[in-house]
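Those sequence lines, one after another, are chains A and B. Read in order, the letters of the first sequence correspond to residues 1 to 143 in this note's numbering. Read in order, the letters of the second sequence correspond to residues 1 to 206 in this note's numbering.
Keep in mind the hints are simulated off the structure, nothing from the lab. Be aware that a few hints might be false.
In the BS3-like style, the derived pairs of lysine-lysine whose C-alpha atoms are separated by at most 30 angstroms in a straight line are [as the list claims (entries may be wrong)]: (1) A:K22 <-> A:K50; (2) A:K108 <-> B:K105; (3) B:K105 <-> A:K22; (4) B:K7 <-> A:K129; (5) B:K89 <-> A:K85; (6) B:K123 <-> A:K85; (7) A:K85 <-> B:K116; (8) B:K42 <-> A:K88; (9) B:K42 <-> A:K85; (10) B:K42 <-> B:K189; (11) B:K36 <-> B:K123; (12) B:K116 <-> A:K25; (13) A:K88 <-> B:K116; (14) A:K25 <-> B:K69; (15) A:K95 <-> B:K36; (16) B:K203 <-> A:K137; (17) A:K129 <-> B:K197; (18) A:K50 <-> B:K69; (19) B:K39 <-> A:K22; (20) A:K95 <-> B:K197; (21) A:K88 <-> B:K203; (22) B:K89 <-> B:K116; (23) A:K95 <-> B:K105; (24) A:K22 <-> B:K197; (25) B:K123 <-> B:K69; (26) B:K123 <-> B:K105; (27) A:K129 <-> A:K25; (28) A:K25 <-> B:K189; (29) A:K25 <-> A:K88; (30) B:K42 <-> B:K196; (31) B:K69 <-> A:K22; (32) A:K129 <-> B:K8; (33) B:K189 <-> A:K95; (34) B:K39 <-> A:K25; (35) A:K85 <-> A:K129; (36) A:K50 <-> B:K147; (37) B:K147 <-> A:K25; (38) A:K95 <-> B:K196; (39) A:K88 <-> B:K123; (40) A:K88 <-> B:K36.
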Amino acid sequence: MYFDTYEDREDLFQEIVLQLWKSLKSYKGDSAFSTWMYRVALNTALVFFKKEKRKPDAVRGFLVDKEDVVSDALEKENQLTHFYKATKQLNKVEKALILLYIEGLSGKEISENLGISEANVRVKTNRTKIKLQEIIKNQGYEF
Amino acid sequence: MNFDDIKKQMDATHNNSDEIETTIKDAKQTLMPIHKVRKSMKYEIITQLFIIVVFFAFPYIVEIDAIPKGFYYILIFVTNLITLGYLLKMGWFLNKTSNITLQSKFAVLSFVHDLKLTLEVYKTAIIAGSLLLPLAIFALYQGLVVKDQAQFLKIISLETSITKLATYILVYLCTAVIIYFGTVLWANKLYGVHIKKLEGVIKDFD
Numbered sequence: 001m002y003f004d005t006y007e008d009r010e011d012l013f014q015e016i017v018l019q020l021w022k023s024l025k026s027y028k029g030d031s032a033f034s035t036w037m038y039r040v041a042l043n044t045a046l047v048f049f050k051k052e053k054r055k056p057d058a059v060r061g062f063l064v065d066k067e068d069v070v071s072d073a074l075e076k077e078n079q080l081t082h083f084y085k086a087t088k089q090l091n092k093v094e095k096a097l098i099l100l101y102i103e104g105l106s107g108k109e110i111s112e113n114l115g116i117s118e119a120n121v122r123v124k125t126n127r128t129k130i131k132l133q134e135i136i137k138n139q140g141y142e143f
Numbered sequence: 001m002n003f004d005d006i007k008k009q010m011d012a013t014h015n016n017s018d019e020i021e022t023t024i025k026d027a028k029q030t031l032m033p034i035h036k037v038r039k040s041m042k043y044e045i046i047t048q049l050f051i052i053v054v055f056f057a058f059p060y061i062v063e064i065d066a067i068p069k070g071f072y073y074i075l076i077f078v079t080n081l082i083t084l085g086y087l088l089k090m091g092w093f094l095n096k097t098s099n100i101t102l103q104s105k106f107a108v109l110s111f112v113h114d115l116k117l118t119l120e121v122y123k124t125a126i127i128a129g130s131l132l133l134p135l136a137i138f139a140l141y142q143g144l145v146v147k148d149q150a151q152f153l154k155i156i157s158l159e160t161s162i163t164k165l166a167t168y169i170l171v172y173l174c175t176a177v178i179i180y181f182g183t184v185l186w187a188n189k190l191y192g193v194h195i196k197k198l199e200g201v202i203k204d205f206d
């Protein structure tokens, strides 16, 4: 969700692994290990930037290729592709919010992970959902 | 938009654990902005130390008059001290790694704070060290090219005409301004870009 290309995603993955490894000694068992791991991964994604470079839009190519296909499986695949494409237009914090929301974390848990108030989480999540829907609508798609 | 459906589809497409073939061994170096800045700085410190060694060795290679040579060594010694102080401070910063396990907003804030602090120490040290260098080079020039110890003594004891003195001061000040702005611009272009990006993330939290 944070990067378009395989190479960039691989770099981020490596960085997350490295940061988890380095931070392991700081884990004190105050929270579930998975929560701690999630936080390190999310924080790494937030502070990790790659040099901006123009690359062919693989998503767009995929959409054009699949435009006329109407099978159910491809329809679902299309939904996901449109969703990923829309998330590219979100800022890093909005991406984090949607990711945590999709993971099924409660408002309180999201607030504790991100360090913002629960009210702010609610407002931001709603705004991000509306923003996502609008982006997808602008892509000429609706679901 | 049904996020449960999206979650199911995401899980289905990410089930392949071989998708990213990466191990901890492959992650030889970190790509985090603060670590990238610190790594660049480490290389720079090594380069600076090498340059200082070259500056120290230079008077042994060529013949320089005694008084400018002494003056030159004093200045290079002070520059060296500033660089060493900077090295120690950097070592302290390097040990104080930003905490990635904090709540996201505070983790980013901590990164920005550390980056800014490191950059300020860096700028101050470089500017302080660089401001002495024109004087050392001036002494070198006097001892190597002009070779007039009496004239050099007059200059450093300020026994020279007001016009000449004003010219020296003006040239030095111009050099100092160029060094200051050059260092600040260069540091901001090279390292400040990371701070700007992270400050953008902090804004997104509000």
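Do the hints match the structure? See the list:
1. A:K22 <-> A:K50: This hinted pair holds, its Cα atoms lying about 21 angstroms apart.
2. A:K108 <-> B:K105: Distance ~15 angstroms between K108 of chain A and K105 of chain B Cα, so the pair holds.
3. B:K105 <-> A:K22: With Cα atoms ~20 angstroms apart, K105 of chain B and K22 of chain A stay inside 30 angstroms; holds.
4. B:K7 <-> A:K129: holds, 14 angstroms
5. B:K89 <-> A:K85: violated, 45 angstroms
6. B:K123 <-> A:K85: Distance ~41 angstroms between K123 of chain B and K85 of chain A Cα, so the pair is violated.
7. A:K85 <-> B:K116: Not satisfied, since the Cα-Cα distance of roughly 34 angstroms exceeds 30 angstroms.
8. B:K42 <-> A:K88: violated, 35 angstroms
9. B:K42 <-> A:K85: violated, 39 angstroms
10. B:K42 <-> B:K189: Status holds; Cα separation ~18 angstroms.
11. B:K36 <-> B:K123: holds, 17 angstroms
12. B:K116 <-> A:K25: holds, 26 angstroms
13. A:K88 <-> B:K116: Roughly 29 angstroms between the alpha carbons, so the hint for K88 of chain A and K116 of chain B holds.
14. A:K25 <-> B:K69: It is violated: about 53 angstroms lies between the C-alpha atoms, which goes past 30 angstroms.
15. A:K95 <-> B:K36: This hinted pair holds, its Cα atoms lying about 24 angstroms apart.
16. B:K203 <-> A:K137: Answer holds: K203 of chain B to K137 of chain A is near 27 angstroms, not above 30 angstroms.
17. A:K129 <-> B:K197: holds, 24 angstroms
18. A:K50 <-> B:K69: violated, 48 angstroms
19. B:K39 <-> A:K22: holds, 17 angstroms
20. A:K95 <-> B:K197: The given pair, whose Cα atoms are some 16 angstroms apart, holds under the 30 angstroms limit.
21. A:K88 <-> B:K203: Within the cut-off at roughly 18 angstroms; holds.
22. B:K89 <-> B:K116: holds, 14 angstroms
23. A:K95 <-> B:K105: holds, 14 angstroms
24. A:K22 <-> B:K197: Within the cut-off at roughly 24 angstroms; holds.
25. B:K123 <-> B:K69: Within the cut-off at roughly 28 angstroms; holds.
26. B:K123 <-> B:K105: holds, 27 angstroms
27. A:K129 <-> A:K25: violated, 37 angstroms
28. A:K25 <-> B:K189: violated, 35 angstroms
29. A:K25 <-> A:K88: Distance ~34 angstroms between K25 of chain A and K88 of chain A Cα, so the pair is violated.
30. B:K42 <-> B:K196: holds, 22 angstroms
31. B:K69 <-> A:K22: The hint is violated at about 49 angstroms.
32. A:K129 <-> B:K8: With Cα atoms ~18 angstroms apart, K129 of chain A and K8 of chain B stay inside 30 angstroms; holds.
33. B:K189 <-> A:K95: Given pair K189 of chain B, K95 of chain A holds - Cα atoms ~28 angstroms apart, limit 30 angstroms.
34. B:K39 <-> A:K25: holds, 23 angstroms
35. A:K85 <-> A:K129: holds, 14 angstroms
36. A:K50 <-> B:K147: violated, 54 angstroms
37. B:K147 <-> A:K25: Given pair K147 of chain B, K25 of chain A is violated - Cα atoms ~62 angstroms apart, limit 30 angstroms.
38. A:K95 <-> B:K196: holds, 19 angstroms
39. A:K88 <-> B:K123: With a Cα-Cα distance of about 36 angstroms, the restraint between K88 of chain A and K123 of chain B is violated, given a limit of 30 angstroms.
40. A:K88 <-> B:K36: holds, 25 angstroms
Figure legend: structure checked against the earlier numbered hints; hints not met, in rising order: 5, 6, 7, 8, 9, 14, 18, 27, 28, 29, 31, 36, 37 and 39.
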